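Counting with the numbering used here, you get residues 1 to 270 for the letters of the sequence shown.
Treat the hints loosely; a few may be bogus.
[Claimed, not checked] Subject to a maximum C-alpha distance of 30 Å in a straight line, what follows is the list of computed BS3-like cross-link-like pairs (lysine-lysine):
(1) K196 to K132
(2) K55 to K132
(3) K216 to K132
(4) K251 to K25
(5) K216 to K196
(6) K216 to K55
[Claimed, not checked] If you anchor each label on the Cβ, the simulated ranges turn out as follows:
(7) M159 to A220: 25 to 31 Å
(8) S153 to G182: 18 to 24 Å
(9) P192 to A86: 44 to 50 Å
(10) D269 to A104: 27 to 33 Å
(11) E90 to A259: 17 to 23 Å
(12) S8 to T263: 15 to 21 Å
(13) R206 to D255: 34 to 40 Å
(14) D222 to G126: 19 to 25 Å
(15) Q260 to L186: 25 to 31 Å
(16) T137 to V97: 30 to 36 Å
(17) S183 to A220: 28 to 34 Å
(18) D222 to P51: 24 to 30 Å
(19) S267 to N244: 15 to 21 Å
(20) K25 to P108: 22 to 28 Å
These are computed hints drawn from the structure, not numbers from a lab.
Quick caveat, the model's predicted, so the values are computed rather than measured.
Idealized CB from N, CA, C, for every residue including glycine.
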Amino acid sequence: MRQVNSESLASAARSSAVQMVHAGKASHIGSSLSQMDILAVLYAGAASVTPERVKDPERDVIIVSKGHASAGTYAVMAHAGFFPLAWLDEFCANGGVLSGHVTAGVIPGVELSTGSLGHGLAFGCGIALAAKLSGSTRRVFVLLSDGECDEGSVWEAGMFAAHHGLSNLTAIIDRNGLQSFGSTELTLALEPLGAKWEAFGWAVSRIDGHDHESLKAAFAADHSRPAMLIADTTKGRGVSYMENEVAWHYKTPDDEQLAQALTELASEDA
Numbered sequence: 001m002r003q004v005n006s007e008s009l010a011s012a013a014r015s016s017a018v019q020m021v022h023a024g025k026a027s028h029i030g031s032s033l034s035q036m037d038i039l040a041v042l043y044a045g046a047a048s049v050t051p052e053r054v055k056d057p058e059r060d061v062i063i064v065s066k067g068h069a070s071a072g073t074y075a076v077m078a079h080a081g082f083f084p085l086a087w088l089d090e091f092c093a094n095g096g097v098l099s100g101h102v103t104a105g106v107i108p109g110v111e112l113s114t115g116s117l118g119h120g121l122a123f124g125c126g127i128a129l130a131a132k133l134s135g136s137t138r139r140v141f142v143l144l145s146d147g148e149c150d151e152g153s154v155w156e157a158g159m160f161a162a163h164h165g166l167s168n169l170t171a172i173i174d175r176n177g178l179q180s181f182g183s184t185e186l187t188l189a190l191e192p193l194g195a196k197w198e199a200f201g202w203a204v205s206r207i208d209g210h211d212h213e214s215l216k217a218a219f220a221a222d223h224s225r226p227a228m229l230i231a232d233t234t235k236g237r238g239v240s241y242m243e244n245e246v247a248w249h250y251k252t253p254d255d256e257q258l259a260q261a262l263t264e265l266a267s268e269d270a
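Could you build the full structure based on these sequences and the hints that come with them?
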């Protein structure tokens, strides 16, 4: 792996993601930045998967169900060595490999094409159940958005996982509190989110989604049932004018905003 330190990986990926969205005239940078620390910890070693093991049947599986945050996902994976960094330069460009939603098939390490929300957890349940039935020790990690929890299929998968005792399954909700057009609580109230998942039979933890040590400890914890990590995050994390601003679900930074973002990210990481 090109990066083995999760903090360094997250730092490099943040700057790359902002540049990718600017160059590709794309969107979803706020969602990409809120998830960055979660994915960096997973790809830096919390999940047992490396560029050399993308075809290994015993590898751990990471599913990014919030597929719209592809810039952040691709940036982490590229800096972790799963594919060339040069691919990032053609994000959302004609002829480029990397599209605006996470896409499987041609991108090494991507397990499932996502973007239509509500499918990743069910897919993860299938892999986890197959592993359990075959005696495999592999683990499955599924990253969801909080707005995605408006989808009934998420809760159906939640019941399925608990019913089948899928202790090899860990789901993470990127709890940034914002979705397409406003607050999650004003759109369709989710709280008490932890109590709901506990009622469904999951082992629930609520953590700081930007604290790498807390994330590592949560991912390493052993459970006798499926685990749900509610990771409290900040949309647009690291860029002052993006933080907690719903407009950055879709907006694209202009040249001046890009320069400011890169300066702020560099200052934060200094």
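Check each numbered hint from earlier against the structure, then list the numbers of those it violates in ascending order.
none
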